[in-house]
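Okay, here's what each chain looks like letter by letter:
Protein chains: 2
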Amino acid sequence: MSKGVTPRSQDYARWYTDVVQKAELADYGPVKGTMVIRPYGYAIWEALQAAFNRRFKATGHQNAYFPLLIPKSYFSREAAHVKGFAKEVAVVTHYRLINDPDGDGLIVDPEARLEEELIIRPTSETVVWSMYKQWINSYRDLPIKINQWANIVRWEMRTRLFLRTSEFLWQEGHTAHATAAEADEETRQMIEVYREVVEEEMALPVIVGRKTDSERFPGAVETWSIEAMMGDRRALQSGTSHNLGQNFAKAFDVTFRTEDNREELVWAPSWGVSTRLIGAMVMAHGDDKGLRLPPRLAPIQVVVVPIFKDDTRSAVLSAAGKLVTDIAHQGVRVELDDRDNVSPGFKFNHWEMKGVPVRIELGPKDIAEGKAVLVRRDGDGKEDRALQGVAAGLPALLDDIQRSLFRQAEEFRAEHTHVPENWEAFKALMAAGGFARCGWDGDPQTEAAIKADTKATIRCIPLDEDPTGLTCIRTGKPARHEVIFARAY
Amino acid sequence: MSKGVTPRSQDYARWYTDVVQKAELADYGPVKGTMVIRPYGYAIWEALQAAFNRRFKATGHQNAYFPLLIPKSYFSREAAHVKGFAKEVAVVTHYRLINDPDGDGLIVDPEARLEEELIIRPTSETVVWSMYKQWINSYRDLPIKINQWANIVRWEMRTRLFLRTSEFLWQEGHTAHATAAEADEETRQMIEVYREVVEEEMALPVIVGRKTDSERFPGAVETWSIEAMMGDRRALQSGTSHNLGQNFAKAFDVTFRTEDNREELVWAPSWGVSTRLIGAMVMAHGDDKGLRLPPRLAPIQVVVVPIFKDDTRSAVLSAAGKLVTDIAHQGVRVELDDRDNVSPGFKFNHWEMKGVPVRIELGPKDIAEGKAVLVRRDGDGKEDRALQGVAAGLPALLDDIQRSLFRQAEEFRAEHTHVPENWEAFKALMAAGGFARCGWDGDPQTEAAIKADTKATIRCIPLDEDPTGLTCIRTGKPARHEVIFARAY
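As given, the protein sequences belong to chains A and B, one line each in that order. Taking the working numbering, the leading residue of the first sequence gets 1, the next gets one more, and so forth. Taking the working numbering, the leading residue of the second sequence gets 1, the next gets one more, and so forth.
None of these hints come from the bench; they were simulated from the model. All residues carry an ideal CB built from backbone N, CA and C; glycine is no exception. A few of these clues could be false.
[Unchecked claim] Listed next, the in silico DMTMM-like pairs over lysine to aspartate or glutamate satisfying Cα-Cα at most 20 Å (straight line): (1) A/K133 / B/D27; (2) B/K83 / B/D213; (3) B/K57 / A/E335; (4) B/K83 / A/E111; (5) A/K87 / B/D109; (6) A/K250 / A/E264; (7) A/K57 / B/E335; (8) A/K87 / B/D102; (9) B/K250 / B/D184; (10) A/K145 / A/D253; (11) B/K365 / B/D384.
[Stated by the list, open to error] Chain A is nowhere near these chain B residues, computed Cβ spacing over 12 Å in every case: (12) R14; (13) T417; (14) Y489.
Put together the whole structure using the sequences plus the hints.
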């Protein structure tokens, strides 16, 4: 913990992994590509879960839980879904181990082979819709608005903590509606909920938009996403909301009787965010000293570091203890670092690595002068504050830091978002890193060619697109859409 | 939902499954032995999670998350653990599906075979201790007090919703300590936390005690459990806390450097409760009308059922709406059932099945007389209440119902707990159902013989045992322990 991290400018990927591990957010597990989320990282995930749950409930959703294991045959039912998902999955083939007759280890019991292999869910549409078939008969049973918090496995060869691991945690909403209009409204409402949480709680500005055909979720008729810019100017898809039309209802034969007694297929959206959001927070706000956490999600918002020698120890710890009590009374999550065995400098580095928004230093001289030294992690330097008012001022200060982190991310994104004038400028921008806002002729072949040349993809067709008068950045043909291009995680 | 359930007296097992399904707590999933926890059941689980999390945090624990998939070889490391667990597990052998060259389905890619098979966690000691090895170096790193909420798979052939399913949800605490005394203290503290939650929140009295050698967790040196009596007089183990000694530290070579610079093995407790608790709540409190939920965990504590005809509809709904607002202001979870398409009688049955603690009926005549009809689900009949004071009285009433459910369960248990005078009386009691409190000579063979004869097991050696002067119920030898025998789930 005491050692620093690789500077971002030197190796961004290495910086990222260093921060995640040194801030004790997560570690690699024993199986390649798996992740252990450590208490500090998990506390952030719990704060995010609470922020989402409040809004899911306010929009009429309920949590539930569907099984981890799905029959293999289910994945063949929805054709597009098969293509996109059913490849890199964990397959359960047996259900028993026995003692190795030739040694002292364990072997898989060859007699305990499953008749049909089971898949660890890579996403749950298939199992959810197999249950909806049982629960839905009439229009009175609709809408169903269910969310689940669950673990997901998608086999990955190249993994990175939080961003891409074989197992990750997420929430997946699966709702069932009587009309196409209602399904469309739900799909849009949930991407807006995602935007709100990511912007207001994570302090991370996002672009809301639709995916092109080639980037859509397998089985969806429309996919909305929120896209954020990371510190290396690449895009990170931070949440998606899909309108699945009637595809899954068809695949699982889910119909309902309408009020006027007709039989109709049910309409389906699904939407999800994952522990990837923690990776986004690290990359968007972090610096060479480590994490910078938005106050609303920080497990510890303020740390008090008492500075003492043997002879001042008890007086300083007593004043620090009183300050911590006052701060806690303000509803602020505060921690006192009263460790004896490390230096103040070590502690400063430690809490900067952990991204705690505010540090308060308190020494004998400060106490004598009735003040404390206050250090903001968002980078506005040190300042003295009257000890008496410091606790009461913290809620407003934390709000200010929350806004400041958002503003910094927004300015960074603005600085690296351009409207390239021509194909050469576009290529230069994609090579340097950043978002290009420009015209696209709507042809998937153009999109593929751009990706082949620059590795950039269309992140989205933004909600506020205006293609009027634009031409395609690559072909010069009239633009069908104004889009955001970027290289992405 | 409208139809009743099989009476308990007719077929207890069928009654149980009927209630779980008709109250919409859970359903069977598509794979044999898997369970879908529906929103109403999941809301109870969330309330339980919150109750446990509060106490876990208060006792210094932090939540984290460890991987689902564990290398097969890990299960060979701790010998006793292998014997007890490593048999009926789900084994992942492959990581890819491909299109069937001979058809249009999907087959497992024979090329994508894992070098080492992976096991879906049946419990996480092995993976947790493999990480603790990385995190623990010195006495300064101890204690580690981590809990995780996770899904678990143990292959089961005969399953029952909540009580025994191949996949279930649970929490598992895994802590690491420098001394045997601290590990023992942790083990005891957590069984006491379990007792408190189950008794205070679930309104279910339990017996706290230690397991005999034969009933201990595989790998543990001591297992504590809480045992509750169900409505059919059988016992249900509702939570366990294990002192694992240094067994897992040995198996995973986890040592720490002491303050005086010696190298020692770390001490380990682990403890868990699962969604089984929801099954316990159904069986301990339910009746032939359905669930009876303890108010503290009930997703809906009070339901208001307006009773109206076309001409009184708007006046009654207006008064009911006002009442619901008043009740919500008391911090009570309330629901208004204003459905038009079903009768009041249907609604009464519906909410009784769902176990809502209090129902308030409100019709035009009640409103004219300034009263409401209040019905307690714990069985104390109907009574009129002045409409004005009804909301304010509800928190106290809910507390009273919470206590009344506990008292009913306690009386039921007392009625069916006996001190059998001799072996014949013991056998009769076990055949009829109930708890026997009696002496046991401490011999595992005696224990096994009693089980063979009566299917009863030693549920625990209760915390307050007093074997002085007792003789063994089976052999007549001096008793080594006073124990609780019962047939169990």
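To see whether the hints hold, each was checked on the structure:
At most 20 Å may separate the alpha-carbon atoms for a hinted pair to count; A/K133 and B/D27 meet this at roughly 13 Å. For the hint pairing B/K83 with B/D213, the CA-to-CA distance comes to about 14 Å; that is within 20 Å, so the pair holds. Taking the CA atoms of B/K57 and A/E335, the gap is near 15 Å; set against the 20 Å cutoff, the hint holds. Proposed proximity of B/K83 and A/E111 is supported: the alpha carbons are some 19 Å apart, at most 20 Å.
Of the supplied pair hints, the one linking A/K87 and B/D109 holds, its CA atoms being roughly 9 Å apart against a limit of 20 Å. Taken as a hint, the A/K250 and A/E264 pair is honoured in the structure, with Cα atoms around 10 Å apart against an allowance of 20 Å. A distance of roughly 15 Å separates the Cα atoms of A/K57 and B/E335; the hinted pair therefore holds under the 20 Å criterion. A C-alpha spacing of about 17 Å is found between A/K87 and B/D102, which places the hinted pair at or below 20 Å, so the restraint holds.
Straight-line distance between C-alpha atoms of B/K250 and B/D184 comes to about 18 Å, which keeps the hinted pair within the 20 Å bound. Restraint check: the Cα-Cα separation between A/K145 and A/D253 comes to about 19 Å, which is no more than 20 Å; the hinted pair holds. Only pairs whose Cα atoms come within 20 Å are accepted, and B/K365 paired with B/D384 is accepted, the gap being roughly 12 Å. For B/R14, the condition that its CB be more than 12 Å from all CB atoms of chain A holds, with the nearest at approximately 19 Å.
The claim that B/T417 lies off the interface holds: its Cβ sits roughly 35 Å from the closest Cβ of chain A, which is beyond the 12 Å cut-off. Here B/Y489 stays apart from chain A, with its beta-carbon at least about 21 Å from theirs, past the 12 Å limit.
Violated hints are absent here; each numbered hint is respected by the structure.
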